[in-house]
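Protein chains in written order, with the working numbering: chain A, 1 to 479; chain B, 1 to 460.
FYI, nobody ran anything at the bench for these hints, they're computed from the structure.
Fair warning: this is a prediction, and the values are worked out from it, not measured in the lab.
Incorrect hints may have been included.
[Claimed, not checked] Pairs of lysine-lysine, BS3-like flavour, derived with a Cα cap of 30 Å: (1) B:K386 to A:K197; (2) A:K58 to B:K64; (3) A:K20 to B:K354; (4) B:K353 to A:K156; (5) B:K354 to A:K156; (6) B:K64 to B:K282; (7) B:K140 to B:K282; (8) B:K432 to A:K18; (9) A:K18 to B:K354; (10) B:K137 to B:K64; (11) B:K386 to A:K260; (12) B:K23 to B:K82; (13) B:K353 to A:K152; (14) B:K285 to B:K82; (15) A:K152 to B:K82; (16) B:K285 to A:K156; (17) B:K137 to B:K353; (18) B:K353 to A:K18; (19) B:K386 to A:K58; (20) B:K353 to A:K20; (21) B:K64 to B:K82; (22) B:K353 to A:K99; (23) B:K354 to A:K152; (24) B:K285 to A:K152.
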Amino acid sequence: MILLILPVIGAILTYFFKEKTARITALIFSIVQLFINGYLLSQFDFASAAIQFYSSYKWFDEIGLYFTTGIDGIAMVMIILTNIASFLIILSSWDNNHKNINSFLSLILIMQSSLNGVFLAYNGLLFYIFWELALIPIYFITGMWGGENRIKITFKFFIYTFLGSLLMLLAFIYIYINSNGINTFEWENFINLELSKNESTILLWAFFIAFAVKMPIFPFHTWQPDTYSVAPAQGTMLLSGIMLKMGIFGMIRWMLPLAKNTCSCNLNIFMILAIAGIIYAAIIAIMQNDIKRVIAWSSISHVGLIAAGILTLSKNGIQGGILQMFNHGINIIGLFMAAEIIERRLNTRSLKEMGGLALYAKGFAFLFMIVLLGSVAVPLTNGFTGEFLLLNSVFNYSTIWGVLSGLTIIFCAVYMLRVYQLAMFGESYHKENIFSKLSWSEYVTLGIIACIVIVTGVFPNLLLNISDISVNSILTIIE
Amino acid sequence: MKTLILLFISGIFSMFGGIFGLKKILPAFTVIALFTSLGYLIYDYNYGPENLGYMLIFDNFSFKFMAIAIISAILISIISAKGFSYKPDSVGDMLALLFFVLCGVYCMLSFNNLLMLFLGIEILSIPLYVLAGSNIKSLKSNEASLKYFIMGAFATGFLLFGIALIYGATRSFNLNDIRSMSETATTNFPGLLYTGLLLITLSFAFKISAVPFHFWSPDVYEGSPTIVTSIMATIVKIGAVGAFLRLIIYLSPMLNNDWYLILSIISALTIVVSNIIAVMQKDFKRMMAYSSISHIGYLLLALINPNTETSGVLSFYLVSYSVATIAIFVILMMINKEHNESNDFEVFNGFSKKSPILSLILSICLLSLAGIPPFPGFFAKYSIFKQALGNNLWLVIIAICGSAISIYYYFRAITAMYFYNDSKNINIEIDKNYSGYISITIAILLMVLICILPSYFLNI
Numbered sequence: 001m002i003l004l005i006l007p008v009i010g011a012i013l014t015y016f017f018k019e020k021t022a023r024i025t026a027l028i029f030s031i032v033q034l035f036i037n038g039y040l041l042s043q044f045d046f047a048s049a050a051i052q053f054y055s056s057y058k059w060f061d062e063i064g065l066y067f068t069t070g071i072d073g074i075a076m077v078m079i080i081l082t083n084i085a086s087f088l089i090i091l092s093s094w095d096n097n098h099k100n101i102n103s104f105l106s107l108i109l110i111m112q113s114s115l116n117g118v119f120l121a122y123n124g125l126l127f128y129i130f131w132e133l134a135l136i137p138i139y140f141i142t143g144m145w146g147g148e149n150r151i152k153i154t155f156k157f158f159i160y161t162f163l164g165s166l167l168m169l170l171a172f173i174y175i176y177i178n179s180n181g182i183n184t185f186e187w188e189n190f191i192n193l194e195l196s197k198n199e200s201t202i203l204l205w206a207f208f209i210a211f212a213v214k215m216p217i218f219p220f221h222t223w224q225p226d227t228y229s230v231a232p233a234q235g236t237m238l239l240s241g242i243m244l245k246m247g248i249f250g251m252i253r254w255m256l257p258l259a260k261n262t263c264s265c266n267l268n269i270f271m272i273l274a275i276a277g278i279i280y281a282a283i284i285a286i287m288q289n290d291i292k293r294v295i296a297w298s299s300i301s302h303v304g305l306i307a308a309g310i311l312t313l314s315k316n317g318i319q320g321g322i323l324q325m326f327n328h329g330i331n332i333i334g335l336f337m338a339a340e341i342i343e344r345r346l347n348t349r350s351l352k353e354m355g356g357l358a359l360y361a362k363g364f365a366f367l368f369m370i371v372l373l374g375s376v377a378v379p380l381t382n383g384f385t386g387e388f389l390l391l392n393s394v395f396n397y398s399t400i401w402g403v404l405s406g407l408t409i410i411f412c413a414v415y416m417l418r419v420y421q422l423a424m425f426g427e428s429y430h431k432e433n434i435f436s437k438l439s440w441s442e443y444v445t446l447g448i449i450a451c452i453v454i455v456t457g458v459f460p461n462l463l464l465n466i467s468d469i470s471v472n473s474i475l476t477i478i479e
Numbered sequence: 001m002k003t004l005i006l007l008f009i010s011g012i013f014s015m016f017g018g019i020f021g022l023k024k025i026l027p028a029f030t031v032i033a034l035f036t037s038l039g040y041l042i043y044d045y046n047y048g049p050e051n052l053g054y055m056l057i058f059d060n061f062s063f064k065f066m067a068i069a070i071i072s073a074i075l076i077s078i079i080s081a082k083g084f085s086y087k088p089d090s091v092g093d094m095l096a097l098l099f100f101v102l103c104g105v106y107c108m109l110s111f112n113n114l115l116m117l118f119l120g121i122e123i124l125s126i127p128l129y130v131l132a133g134s135n136i137k138s139l140k141s142n143e144a145s146l147k148y149f150i151m152g153a154f155a156t157g158f159l160l161f162g163i164a165l166i167y168g169a170t171r172s173f174n175l176n177d178i179r180s181m182s183e184t185a186t187t188n189f190p191g192l193l194y195t196g197l198l199l200i201t202l203s204f205a206f207k208i209s210a211v212p213f214h215f216w217s218p219d220v221y222e223g224s225p226t227i228v229t230s231i232m233a234t235i236v237k238i239g240a241v242g243a244f245l246r247l248i249i250y251l252s253p254m255l256n257n258d259w260y261l262i263l264s265i266i267s268a269l270t271i272v273v274s275n276i277i278a279v280m281q282k283d284f285k286r287m288m289a290y291s292s293i294s295h296i297g298y299l300l301l302a303l304i305n306p307n308t309e310t311s312g313v314l315s316f317y318l319v320s321y322s323v324a325t326i327a328i329f330v331i332l333m334m335i336n337k338e339h340n341e342s343n344d345f346e347v348f349n350g351f352s353k354k355s356p357i358l359s360l361i362l363s364i365c366l367l368s369l370a371g372i373p374p375f376p377g378f379f380a381k382y383s384i385f386k387q388a389l390g391n392n393l394w395l396v397i398i399a400i401c402g403s404a405i406s407i408y409y410y411f412r413a414i415t416a417m418y419f420y421n422d423s424k425n426i427n428i429e430i431d432k433n434y435s436g437y438i439s440i441t442i443a444i445l446l447m448v449l450i451c452i453l454p455s456y457f458l459n460i
């Protein structure tokens, strides 16, 4: 509960401050938020499958809207990610010269609050409300501080995702109307639904499209590269680091319980789409010249693998998916941070106009390398365990699909190393050294990310333990 | 009854007050008088219906809708000094007309006799014709007034004709008699009755400007002074929708599915046509006109096969709609120096830099009208759709598509405010007067209250 209210207070305060004070306030609030999160983690019972910190208040009884919140293992991982990532994002904006930095930061804090809400909500309608609420700040962030052509692209993004989530709302309402007086928005009732096969199939599709737009999975991805490249760096980090996880998280919590009664062919179609996305996006990523676009396409590719793993409905798949959600969130923020650091100095995102940067910035090159390796999933970095679990599960499900999705590792190495090579090595595009030293905030941001990459790479169980029991209980629900 | 008398006397007072040089205090007087009548309403609430010779019945139903109308009137009258500044000499007359409009609304809301319904509609309409044309120097305002008058007179003719036919069929104007006749009737009703009902429905559809009787409304909205537009968009709609619901509840035994089919077709047309046309509008006020038409479409949705919850749902919707609409119009009044100035979307270009707070509030109101959670409009739309879902699935689907379209035009204003720079040299001067801010603050507080305690507002 306090996780939700605190950022809003912070946002309001930040809005009324100017420049430096606003930055400090926002940072303090995000740190406090982290501490609260740490406290919750210390109180969290790892051995219990129940929903913890559960609370439920009536908000709008007549339409079944309760303010029901709680945390299970899966949500815990996501909340940790949200709060760490928001902290990093606010820290990374320290050196930005945006106009109206106060409203920028307060929008980020509102975003943090609604993202936490998405992960905490145990009422379908509440989930939907937070889901939509998260859309409004990012709409303004992209539209006000974005690059070229931002208005059209932001609008497309908004309409696209809004229509997608409308389907989810319709599905929720349909279930609610057809239940005889049981409040099916509440999660406990939701998972015990008795639906006919046809009904669940249609509902499953509605949920899938809503979540697939957000992730995005292959045919629904067209909004994503444009929006990522146009949004300001912090907006892109929010979008890719956390918002994208809303879709996957929604899939685990709200879509999978519906799958118990349906033909597995539906899930197979979803998996084919996900795997097609992996390969398609990876190939496009290799061809891109804009560093942000490479990362954007790589994100589609990675998310496809996560979705495929989760859709296998195996323990390894879901565990790997959750772990990889966290890792991907951290890695991609690091990658976009690196891209932003380069862009701040060179005023370009084109890979052709970079080169030889490693000569001028050794520390940066080192940190960038770590993050990049995490993304490529080299052993001992965080990406490795997650992708290993995911690929393992897909492989067990079907050998061919396992092989196909295994291509992601190769492709990923190709496009990531290509980026690194073009940007950091080779002839310098600029004759003199215009790559000034990194400021402390940039060092700290990248440094923290690199630490997380290594630590979770060496000790993945830190995260896996949190979600372990909850994944088991999800699997029993589906069976 | 007390409320009606109070409103009437206040109207007379402000009319003469204007003559005897009390212009300065009249807006304040209006606010106080309206608050007093609101107090009377709350005091009378749950006090049992008050019957006035079977002509008017003041019951909880009319109290509820009247309270919404008075709250809207309070919000409007707070800024009345500014809103009527195009004609500062006759503020008193204008406020008197506002009071008479409210009297008409109250008569409409509590009618128990078709004659009172007719009288109420007339008491409501005639001051509005005057108000619409009150900016005598503006050609558009005159045009609006004339258009409104001619079309309104036409619709009133329909209404009277319908009432006459119903009288012919049932030999009574009294709703109780008509209802009991229909309950005891053994044979089918004569065709006269249904023709009469249809004519009444059509005249109501005109009053609330439902498609295909909506053509007058964008012109009138655009031409009238903004403050009058806000009255038309809220108070009149509250009265007409409330009266329509009352009529439907009374006559429900004789309304068959065919009649509801007509209503659902009108509702579907209203939602589709208005939303699509609104997308193409260049003028903000015209866009608001179409937006209010589309909201009427959603309200009509709830009128089909009403049950005991309908009045709660409708009043909930009307509160959230009126508060947001009035706040938008108040902001429009605050930024418009000249009343003849156009209200293109371009007016809003770069508005967020000039006044961050006003643009924030305007965005919240637009988001609420668009029905995006967690703003009150979402809850209101949701409850209406949920109520209608049982009867007409297809209508609800149309309505959801309609509200998805509506996001486009509401967001156009938001986009203009935040994302565009002030390209043209349109000088917006924001009124420094505190009255507008007070009105907006109250509106926003109400919206927050609705957000936090929706159940309470639904069950009043």
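We went through each hint and held it up to the structure:
{"no.": "1", "hint": "B:K386 to A:K197", "in the structure": "holds, 24 Å"}
{"no.": "2", "hint": "A:K58 to B:K64", "in the structure": "holds, 24 Å"}
{"no.": "3", "hint": "A:K20 to B:K354", "in the structure": "holds, 22 Å"}
{"no.": "4", "hint": "B:K353 to A:K156", "in the structure": "holds, 24 Å"}
{"no.": "5", "hint": "B:K354 to A:K156", "in the structure": "holds, 27 Å"}
{"no.": "6", "hint": "B:K64 to B:K282", "in the structure": "violated, 36 Å"}
{"no.": "7", "hint": "B:K140 to B:K282", "in the structure": "holds, 17 Å"}
{"no.": "8", "hint": "B:K432 to A:K18", "in the structure": "holds, 23 Å"}
{"no.": "9", "hint": "A:K18 to B:K354", "in the structure": "holds, 17 Å"}
{"no.": "10", "hint": "B:K137 to B:K64", "in the structure": "violated, 38 Å"}
{"no.": "11", "hint": "B:K386 to A:K260", "in the structure": "holds, 27 Å"}
{"no.": "12", "hint": "B:K23 to B:K82", "in the structure": "holds, 13 Å"}
{"no.": "13", "hint": "B:K353 to A:K152", "in the structure": "holds, 21 Å"}
{"no.": "14", "hint": "B:K285 to B:K82", "in the structure": "holds, 18 Å"}
{"no.": "15", "hint": "A:K152 to B:K82", "in the structure": "violated, 37 Å"}
{"no.": "16", "hint": "B:K285 to A:K156", "in the structure": "holds, 25 Å"}
{"no.": "17", "hint": "B:K137 to B:K353", "in the structure": "violated, 33 Å"}
{"no.": "18", "hint": "B:K353 to A:K18", "in the structure": "holds, 15 Å"}
{"no.": "19", "hint": "B:K386 to A:K58", "in the structure": "holds, 18 Å"}
{"no.": "20", "hint": "B:K353 to A:K20", "in the structure": "holds, 20 Å"}
{"no.": "21", "hint": "B:K64 to B:K82", "in the structure": "holds, 29 Å"}
{"no.": "22", "hint": "B:K353 to A:K99", "in the structure": "holds, 11 Å"}
{"no.": "23", "hint": "B:K354 to A:K152", "in the structure": "holds, 23 Å"}
{"no.": "24", "hint": "B:K285 to A:K152", "in the structure": "holds, 24 Å"}
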